[in-house]
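S.K.: Here's the letter readout for the chains.
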Amino acid sequence: MDAGPLPPPLIALHNVSRVYGRGEAEVTALARVDLEIRQGEFVAIMGPSGSGKSTTMNILGCLDTPSGGDYLFDGVPVGGLDRDGRTLLRRNFIGFVFQGFNLLPRTTALENVELPLVYRGVKADRRADLAARALDRVGLAGREDHTPSELSGGQQQRVAIARAIVTDPLLLLADEPTGNLDTRTSGEIMDLLTALNRDQGITVIMVTHEPDIAAHARRMVRFKDGRIEDDRRQPVLAR
Amino acid sequence: MLGEALLLALVAIRRNLLRSFLTVLGVVIGVAAVIAMVTIGNGATARITAELSGLGNNLLFVTPGQGGPGAPSLEARAFAVSDAEAIRDQVGGIQAVAPVSRTTATVVYGSESRSTTVVGSTADYIATQAWTVALGRNLLDSEVRGGRAVCLLGETVRKELFGIADPVGAAVRVKTVSCQVVGVLAAKGQSAGGSDQDDTIVMPLKAFQRRLSGTNTVATILISAADGVDTAKVQAATTDLFRERRGIQAGEKDDFAVRDMRQIVQTMTATTTVLTGLLGAVAAVSLVVGGIGIMNIMLVSVTERTREIGIRLAIGALEHQVLTQFLVEAIVLSLFGGLVGILLGLGLAFAAAQGLSLPFDVDPTIVVGAFLFSALVGVAFGYFPARRAARLDPIEALRRE
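Heads up: the protein sequence lines correspond to chains A and B, in order.
Using numbering that gives the first Met the number 0, read the first sequence as starting at 0 and increasing by one per residue.
Using numbering that gives the first Met the number 0, read the second sequence as starting at 0 and increasing by one per residue.
There could be a bad hint or two in this list.
Stated by the list, open to error - Far from chain B, some chain A residues (derived; all Cβ distances over 10 Å):
hint, residue
1, P7
2, R89
3, A140
Claimed, not checked - One side only, chain A facing chain B, incomplete, derived with CB under 10 Å:
hint, residue
4, L9
5, Y70
6, T86
7, I93
8, G94
9, G99
10, L103
11, L114
12, K223
Hints are computed from structural coordinates only; laboratory data are not their basis.
Since we're looking at a predicted model, the values are computed, not measured.
Glycine included, every Cβ here is placed at the ideal spot set by N, Cα and C.
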């Protein structure tokens, strides 16, 4: 590690809890979690189902709010924002990649990638230009007019990644990005995420339950029963 | 943003074209019904008003009994020609008086024949009907006094019997009476009741009584008031005269009726206006039902597209952006329905106007009103489904298959 002060954390969870239901039916999904992630990190979140990793992702992506504790995004307390405020934060700084791709059906790859820009009010020609560049970045140049049903699973996930990065986000949240893909395609998607992290400095947080996928990340956080069980840095995978 | 929402709405509608069409069918039918009802109603009213001016708005008619022209009461004494002469001599402000009797008879010329209305009256008859002679001449007073067997043909009768031949001077047979044609009446068209006014012949009353009816009674007396004369005054003077002539004591009811054509037309106009309003209201109810149909389908659409909405919310659509998208979709649907409905309604009204030979009288207020109302239906019934879409929890929505 170099000397000198570290930059402020991009993400800081302090004492964060998430409780669903009330009274007898109360379920604690997260219990007093502390987690800091710095700009430029590539973090894998692992753990069995029900361990709280998906809840953490939803809170980090401002789709859900903590029941207790503080979430600071780039120093901004997210707890003080209303629904539209959280949406604006998500829209401007966070990109999502899902296990099930979540592309709009019967809509071309280009239009899918343009979608976040539509809601940001970007003009149509500039939108198409940015979307085409994002598609080129994920290696799908020439597939702009294909609809999801005309693309393979790996290509669909590339479209989804292009949609996530078209807005130049600080943070990319990937929820089981390779869950629906075969091993070879999974490797390609991981290479793409690694390259985005390395070349563009996008912070990547990825949920997975496959150790060889998690091995691509430089830090691994393991959840169990709503708590962080293990948090370690790991050497960069030999290529 | 509104442009984008419009584009998204059109894409969504096109993606489910058949369902979109079925969705708006309710609005289409509602708007079409309102437009057609009101337009046809307006046509009917306009037709009655035209009829009024066609008759001259100063026509009165006197009938025996109180039951109206179609149903004279049995005990009421019938009128005689002298009654009409008394009116002409003793009531002021009169332009023309015509005693009238009618019957239906077959008129024959050569090998052609037609069953038509035969009117027995005087030379004043065509004046009271605001009628003119197109060919030949009117009846002469001498012919009326002498009860000569001459007649005027209505345009329909002339066409049926003579075709392109010249009827003036020819002899037609009415029942057993041979009758010389002296003139042809100008075409007048259908009456408010839908009967052909030109399907008639007119002959001197005395000839009619002697040769056709065999009585010397008169069914009706038509009075045409002079221009600028108040018909109410003529009506009152005629009533006084008839009470005296028929020996009706003070306190006793009239055994005859003097009716002002204008009052009758006003009553008819009022009736059609009420009827038009009523039918329009029923049609408006179907518009509301159509709106509920739109709401129903929009709710289904929101449920079906939950995942899509989840994606949109997750990648940065604000609540109001999703709300706008679905609201615009509902409004576009209902406006489209309104537009199709207007065209269909105008088409129906046009066809009906042709069929019933009514004037095609489009009221632009109704057309604009129906269009705005269908937009309102879209807003009112689209808002609830749109709000439901906008308030979806993106996590829940994305979990949905």
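S.K.: Taking the hints in turn, state whether each one holds.
M.R.: Here is how each hint holds up against the structure:
Chain B leaves A:P7 outside its interface by the beta-carbon criterion, the shortest separation being 24 Å against a cut-off of 10 Å. Listed as a non-interface residue, A:R89 fails to keep its Cβ farther than 10 Å from every Cβ of chain B; the least gap is roughly 6 Å. Interface exclusion of A:A140 from chain B stands, the closest Cβ pair being 22 Å apart, more than 10 Å. Because the smallest distance between the Cβ of A:L9 and any Cβ of chain B comes to about 18 Å, over 10 Å, the interface hint for this residue is violated.
Residue-level restraint check for A:Y70 is violated (minimum Cβ-Cβ distance to chain B is 16 Å; threshold 10 Å). About 5 Å separates the beta-carbon of A:T86 from the nearest beta-carbon of chain B, less than 10 Å, and the hint is met. The closest approach between the C-beta of A:I93 and any C-beta of chain B is roughly 9 Å, which is under the 10 Å cut-off, so the hint is satisfied. Hint on A:G94 holds. Least Cβ distance to chain B is approximately 8 Å, under the 10 Å limit.
A cut of 10 Å between beta carbons decides the hint on A:G99: the least distance to chain B is about 8 Å, and the hint holds. Below 10 Å, beta-carbon pairs count as interface contacts, and A:L103 has one with chain B at about 6 Å; its hint therefore holds. The interface hint given for A:L114 is met, as the beta carbon of that residue sits about 6 Å from the closest beta carbon of chain B, less than 10 Å. Proximity of A:K223 to chain B is violated relative to the hint, the smallest CB-CB distance being about 22 Å (cut-off 10 Å).
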